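**Q** Here is what each chain is made of, one letter per residue.
2 protein chains.
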Amino acid sequence: MNKKLILKQRPSGMPTADCWELLDEEIPQLTKGEILIETHYVSLDPAMRGWMNDVRSYIEPIAINDVMRAGTIGKVIETNGSSEFKVGDVLTGMGGVQKYVRSTGKGFFKVDTSLAPMIKYISILGMPGMTAYFGILDVGKIKEGDIVLVSGAAGAVGSIVGQIAKIKGCHVVGLAGGAEKCNYVKNELGFDACINYKEGSLYRSVKEFCPKGVDVYFDNVGGEILDVALASLRRHARVVICGAISQYNNSKIKGPDNYLSLLVNRASMEGMVVFDYADRYMEAGMQMGMWMMEGKLKTEEDVYDGIENFFPTFMRLFSGEKRGKLVLKIKMDE
Amino acid sequence: MNKKLILKQRPSGMPTADCWELLDEEIPQLTKGEILIETHYVSLDPAMRGWMNDVRSYIEPIAINDVMRAGTIGKVIETNGSSEFKVGDVLTGMGGVQKYVRSTGKGFFKVDTSLAPMIKYISILGMPGMTAYFGILDVGKIKEGDIVLVSGAAGAVGSIVGQIAKIKGCHVVGLAGGAEKCNYVKNELGFDACINYKEGSLYRSVKEFCPKGVDVYFDNVGGEILDVALASLRRHARVVICGAISQYNNSKIKGPDNYLSLLVNRASMEGMVVFDYADRYMEAGMQMGMWMMEGKLKTEEDVYDGIENFFPTFMRLFSGEKRGKLVLKIKMDE
Chain E
1 MNKKLILKQR PSGMPTADCW ELLDEEIPQL TKGEILIETH YVSLDPAMRG WMNDVRSYIE
61 PIAINDVMRA GTIGKVIETN GSSEFKVGDV LTGMGGVQKY VRSTGKGFFK VDTSLAPMIK
121 YISILGMPGM TAYFGILDVG KIKEGDIVLV SGAAGAVGSI VGQIAKIKGC HVVGLAGGAE
181 KCNYVKNELG FDACINYKEG SLYRSVKEFC PKGVDVYFDN VGGEILDVAL ASLRRHARVV
241 ICGAISQYNN SKIKGPDNYL SLLVNRASME GMVVFDYADR YMEAGMQMGM WMMEGKLKTE
301 EDVYDGIENF FPTFMRLFSG EKRGKLVLKI KMDE
Chain R
1 MNKKLILKQR PSGMPTADCW ELLDEEIPQL TKGEILIETH YVSLDPAMRG WMNDVRSYIE
61 PIAINDVMRA GTIGKVIETN GSSEFKVGDV LTGMGGVQKY VRSTGKGFFK VDTSLAPMIK
121 YISILGMPGM TAYFGILDVG KIKEGDIVLV SGAAGAVGSI VGQIAKIKGC HVVGLAGGAE
181 KCNYVKNELG FDACINYKEG SLYRSVKEFC PKGVDVYFDN VGGEILDVAL ASLRRHARVV
241 ICGAISQYNN SKIKGPDNYL SLLVNRASME GMVVFDYADR YMEAGMQMGM WMMEGKLKTE
301 EDVYDGIENF FPTFMRLFSG EKRGKLVLKI KMDE
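If you read the sequences in order, they're chains E and R. Using the working numbering, the letters of the first sequence correspond one by one to residues 1 to 334. Using the working numbering, the letters of the second sequence correspond one by one to residues 1 to 334.
It is worth saying that the hints were derived from the structure and are not from the lab. In this text the structure is predicted, and so the values were computed from the model without any measurement. One or more of the hints may lead you astray.
Where chains are identical, the list cannot tell them apart; a pair therefore holds if satisfied intra-copy or between any two copies.
[To be verified] In silico lysine-lysine, PhoX-like type, Cα no more than 25 Å apart, as pairs:
hint: 1; residue 1: Lys-207; residue 2: Lys-254
hint: 2; residue 1: Lys-252; residue 2: Lys-106
hint: 3; residue 1: Lys-252; residue 2: Lys-207
With the rest of the complex left out, here is chain E (with noise of 0.2 Å):
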């Protein structure tokens, strides 16, 4: 039997729980060429949020009654005759919130566990870590010496932003939400300084750990932090626009007020979607496999227990109530 969370209704505003329901239904025998998969974690992202939205976007938005749309990682138990995947092999995918994936196999790519755990290819070998990889490299384009802005700094992103930035000379400072955040992010990760933007002036905390402004933003949040920013940017600046997370859930997106600092200052602002680099996504592997083993380069997990739990997992990206990357645990016996 698999288990799986289907969209039921899209939401206005934050999602509630009963947009989604959990449906046990049966496996069907696999045709030829097929996989299964049983799933071992599904990786929550900010831009889930998107996904239910009913408007043209970079992918199409998740059907109502199709299973709700996720990355995953998880290993091949059964197989009719797949040239590509054998039982036991480890596959990373979007395999949705569900158990069971049942698949051509199209879309899923195999990973050695034997170089780093399961979880990891979710996060910093996965969306995350490729999204903050050329985000920060290709995207902000960092050199020696720049200063460096990240928001969502304690998050699954910015976390490896910051500390590649860090790796290549930069100066960076990051703005996370709370005090142990920040902690974490200064004390742990190594960033020079974090601001708690929920305490004080956020635009004097920005002037005070940025006297010289900033070459480079990487945005996850929008809203009135992107603002700050934009008004704290130096001659020639890149703005990487990776995320909005602070608008996702509002019905009408605010747009940067403070936006003709670009023409001031030379500027530019720029979207990516890390989906367009997957033919690099080896490369990035590996220089950040390499970063990981000369410990320069740290990434944690935040993992919660059980497909039941999926709802209120995943209202911890909006409340901010965790700390790298966001995981729900599938496979419960192990």
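Based on the hints, put chain R in the right spot on chain E.
**A** Just chain R now, with coordinates in the frame of chain E:
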């Protein structure tokens, strides 16, 4: 005697006549090396509104009681042993709104009026032309076949932007206010189409004339038009932020709520300031001069008479009651 317009107070919102005062003053003796330029024409540009605000920008604000800053062209009528310029030289620079400019010559450039009439050097061969040239080519990075959308298409910058894009083999759609301007843009300047943004649904009009979306949007206006353009971007589109005339008189600038279209479309938005390209003005001038001789590039100036009429003339920038480059004629006896 000199007649000069000084900034008396800063406007809040739409400027009023009492922001300026017209003063008579005696012209003091030139000190060694100085020149005296008689102003023939003053260039009236949207950027001037920004210079009146007391905010950090790409240039110092105009100080209270200083001459109103403006681009000018005029003739040297006296020198006190200048090593650079002689009587009769025609110079362009930031002479300000006044009849006579006393100067060391710093920041002024000599132009050749046998190649083009004087007024062209503050129009297509001046700031608006240079802005258009570097904005669409260097920042917009247009290439053959691109779909280019230009706001302020009947204006000093937009009219040139669109014509350059046509020369480069793009499909060019303008945006202008009113049927007459749209006619001009389409039939006289040769844009493929021009949308009257005052009529009907702007989003639907852009959809109609750019059914595949927009590769490059050149923005002179900001506000709702920028938002519609963002909503119409194609993959890897570029948005050039050149100005935001719809916002300059607002006490609070309204940012583009559709900025996440940059993410969805992997697009970028970049600001520009023409002064950065000063060392390449010659290149642009020669190229545009050739296009003008070949009849591929047309420009028009909208000329009003008399320094006394500065205020009502300047306000035409914001009311839209002008076509092409807005110019104030200062020397009346020629």
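**Q** Hint by hint, say whether it matches the structure.
**A** Structure-based check of each hint:
Taking the shortest alpha-carbon separations for Lys-207 and Lys-254, both the intra-copy value of 23 Å and the inter-copy value of 23 Å come in at or below 25 Å. Proximity of Lys-252 and Lys-106 under a CA criterion of 25 Å is satisfied in neither setting, with 36 Å inside one chain copy and 50 Å between copies. For the identical chains of this complex, Lys-252 and Lys-207 are inter-copy neighbours only, at 22 Å across copies versus 29 Å inside a copy, given an alpha-carbon limit of 25 Å.
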